[in-house]
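Asker: Residues per chain are reported as follows:
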Amino acid sequence: MKDKLSAFLDGELDDQCVRTVLEEIRCEPILRNEWETYCLIGDVLRGDECVSHDFVDRVMAEIDTAPTLLAPIAKRAESAASAGWRSLMPLAASVMGVAAVGWVAHTLYAEPAGASHVAEVSPRLQLVESQASGVRPVSVTSTAVDPHQEYVFAHQSMTGGGPISGAIQHVRSISEVGQDGVR
Amino acid sequence: MKWLLVALGFCFTLIQPQAMAQTPGDALSWLGRMAAAGQRLNYSGTFIYQSGKSFETSRVVHMMDAAGEHERVEVLDGSPREVVRSSSEVRCILPDQRTVIIDRAGGRRAFPARLPSSFGGIAENYRIRKGEVGRIAGMEAQQIILEPKDEYRFGYQLWAEIQSGLLLKSRTLDDRGEIIEQFAFSDVKIGGDIAMEAVRPRLAREGDWKVVHTNGVEIRREESGWGVQAPIAGFSLMSIVRRPLGRDHGDALHLVYSDGLAAISVFIEPASQANGRLAAGQLSTGAINIYKRMVGPHLVTALGEVPLRTVQRLADAMEPVAR
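In order, the protein sequences belong to chains A and B.
Last residue of the first sequence: number 183 in my numbering, and the count goes up by one each step with no gaps.
Last residue of the second sequence: number 1323 in my numbering, and the count goes up by one each step with no gaps.
These are calculated hints, taken from the structure and not from any lab test.
It cannot be assumed that every hint is accurate.
Computed list of chain B residues with no C-beta within reach of chain A, every gap over 10 Å [claimed, not checked]: (1) Glu1056; (2) Ala1067; (3) Glu1132; (4) Ile1194; (5) Gly1216; (6) Val1217; (7) Pro1231; (8) Ile1232; (9) Asp1248; (10) Ala1271.
Here are the computed distance ranges between Cβ atoms for each label pair [unchecked claim]: (11) Asp1174/B x Ala93/A: 51 to 57 Å; (12) Pro147/A x Asp1150/B: 29 to 35 Å; (13) Gly1138/B x Pro147/A: 18 to 24 Å; (14) Arg1059/B x Ala93/A: 21 to 27 Å; (15) Pro147/A x Ala1036/B: 33 to 39 Å.
If you're wondering where the values come from, they're calculated on a predicted model, not measured in any experiment.
All C-beta atoms, glycine included, are put in the ideal place defined by N, C-alpha and C.
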């Protein structure tokens, strides 16, 4: 029934079938929910809903970032039965659509928290993020051992460290600030 | 009208030489005040360390008693790390890496070495002047500007608290005037009593830790077996120490060069498989530049809070000499 619903949305059904589908939608609450979800996705994709001017781009980017998640499911379904695969596609699309809407809403309404969420989801985005941002705090999870730590320490304990004196200059020896790029 | 101009001119000739004579000396004396205040005063506060585009917040407590200086710095961002320093020892505690690095005072060398007592070298290598009086961490601060006279050193802008002379902010600038490193108090309390408890290490050490002792033995210049082909103007050899640098390094010869403000360390150690992986050209981390090269079977590492060209030139000039 779901593939008929999908075909109906695309305007590919003849009059007889349309009547059957409409009847089904009226009677079947689950199907009605499906229909509403499809319509919402359609509205959003057409830009009828006030979401964002680059919504489609962001959905496409989101789909690009998650191909490894979708491919195995699609393959399994295909080997089982092509009919099953066809019926899964609209479901997958609706899940992706809803996920994309949720993601867009999340980034729209929770910008600061959203940034770190994106960084967690995709390492590629994290890279872009760190290049694009200006002054940024140090990564909390950085545990890389700096191979030059002992050299810097010995240097600082022998010298005045420029105008900085005392233990303050040793912040250079123990800082994680300098490690995330070049050292 | 004429007599007014003459009088003004006369006054001006009286004032000008005085002002000219006062400015550099005055700025130099501010450097002396800063060095003394950093050692003698009790203070505690929070400061931000910025290197390139990243920054980190730390807390510092400094105390002076009959036994000398006691100091503790704790990094507040990221993994917990601390530096605990007394008159006889400095240790960096890095729980994340299960590592503690310790250096103890020994031999003839004053510990820890401080801003040089003679500021002559500074005036030779930097143009030094007083800047504006501004406000840092809620306090009035005098700005001191040091501009390098050649391309082998960085420039500095320092802000000292007017009453005590304590350094509240320090900026290191490259030859384009870009900030490459900055220390700045955001909040500081100067004076008052500080309990001994506040300067004791807080991070617990349990289980198996890597302990790196870097205590050096000072050796005579002629015993080192190394020399510089073409010295860099303004930088002179201050001290030579033989010191261990941990498991991966073995014993290294540590030569320290200084221009009165900035310093360069040159480490010379036998190349091995462990340290060979580090033997790759140049690296930079904020204000500290690192340059490595192989000289026969030796790995030479030059680093310091100077431009890359300076460490590179010094490392390239190092050569073994007949004893």
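Asker: Hint by hint, note whether the structure agrees.
Answerer: Outcome of the hint check:
At the 10 Å boundary, the C-beta of glutamate 1056/B falls inside the reach of chain A, the nearest C-beta of that chain being 5 Å off. The claim that alanine 1067/B is not at the interface with chain A holds, since no C-beta of that chain comes within 10 Å of its own (minimum 15 Å). Distance check on glutamate 1132/B: its Cβ is at least 18 Å (rounded) from any Cβ of chain A, clearing the 10 Å threshold; non-interface status holds. Look at isoleucine 1194/B: its CB is around 14 Å from the nearest CB on chain A, clear of 10 Å, so calling it non-interface holds up.
At roughly 8 Å, the least C-beta separation between glycine 1216/B and chain A is not larger than 10 Å, which violates its mark as non-interface. Look at valine 1217/B: its CB is around 13 Å from the nearest CB on chain A, clear of 10 Å, so calling it non-interface holds up. In this structure proline 1231/B is separated from chain A by more than 10 Å, as the shortest Cβ-Cβ distance comes to about 17 Å. Chain A leaves isoleucine 1232/B outside its interface by the beta-carbon criterion, the shortest separation being 16 Å against a cut-off of 10 Å.
Annotated as non-interface, aspartate 1248/B brings its C-beta within 10 Å of a C-beta of chain A; the closest such distance is 8 Å. A cut-off of 10 Å between C-beta atoms confirms that alanine 1271/B is not in contact with chain A; the least separation is 14 Å. One distance hint, 51 to 57 Å for the beta-carbon pair aspartate 1174/B and alanine 93/A, holds here, with the actual separation near 54 Å. The supplied range of 29 to 35 Å is met by proline 147/A and aspartate 1150/B, whose beta-carbon atoms lie about 31 Å from each other.
Restraint check, glycine 1138/B to proline 147/A: a C-beta distance of roughly 40 Å breaks the suggested window 18 to 24 Å. The hinted window of 21 to 27 Å between arginine 1059/B and alanine 93/A is violated, with their beta carbons roughly 53 Å apart. Checked against the hint of 33 to 39 Å, the pair proline 147/A and alanine 1036/B passes, with Cβ atoms roughly 36 Å apart.
Of the numbered hints listed earlier, those contradicted by the structure are 1, 5, 9, 13 and 14.
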